[in-house]
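Participant: Sequence:
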Amino acid sequence: MKQIIALILITFTITNCFAYEFKLNKKDLEYINNSDKKSFIENRLGKYQTLKDKVKDYELIRKLSHVNSFMNKIFSKHDIDSKSSIDHWATPKEFLLQGHGDCEDYAISKYFTLLELDIPKEKLYFGVVKVKGSNTAHMVLLYLENKNATPLVLDNLSFRVIPLTKRKKLIPKFAFNEIDSYKFTNERFTKKVNVNWGKEDKWNKLLKRVYKDKE
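Residue 648 in our numbering sits at position 57 of the sequence shown, and the numbers go up by one each step.
No wet-lab data here; the hints were simulated from the structure.
Lysine-lysine pairs mimicking DSS-like chemistry, simulated, CA-CA at most 27 angstroms apart: (1) Lys-799 with Lys-614; (2) Lys-614 with Lys-714; (3) Lys-628 with Lys-643; (4) Lys-714 with Lys-638.
None of these values were measured; they are calculated from a predicted model.
Kindly produce the complete structure, drawing on both the sequences and the hints.
Facilitator: As structure tokens, this is what we get:
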């Protein structure tokens with residue numbers, strides 16, 4: 592991520608009543624058919640559907656691990672370079688069609704994929720962390736059985752889904768999803784907070800684009 596987002600310690604709630612479904616529309620099909628990488632995109636989308644069919648009835652940890660591993664095999668690419676100030680949060684479709692993304696794009700695609708696989712959204716959080724030795728923020732996806740439990744981490748920097756307490760290089764900042772947001776430690780969530788997104792609320796803009804894709 593471009594920079595660590597500031598926090599305001601106020602109770603914060605986001606509600607969204609829409610269910611998520613990965614579904615290609617006419618514009619997506621035109622993009623695929625006109626792409627010089629059409630065969631690669633179709634192959635990637637086919638494997639994605641196979642993944643969801645395969646793991647739908649898996650036990651929790653296997654489901655998390657398979658989704659994490661699948662997404663991590665997609666190439667990473669930083670949004671920001673020396674010539675650009677754009678930090679784009681991709682929808683799952685954008686991520687899978689383009690075949691590359693930044694850390695938040697991995698986390699976003701894992702989140703919505705797991706929603707499709709019947710993981711309750713109240714148990715999935717985006718975790719903003721700092722990686723020791725890095726000056727920039729990093730985003731991971733957290734699975735939280737309950738607010739007193741230690742989060743499991745799905746990270747594009749690791750193929751292992753393990754408790755946050757075992758990821759010693761990750762320094763927790765805050766976590767959020769469509770329902771609420773929290774400060775958290777390596778062991779548990781602590782205090783509800785409000786996220787100050789600054790000039791651009793990328794999270795709610797992303798949600799509008801994701802759910803509008805269904806139309």
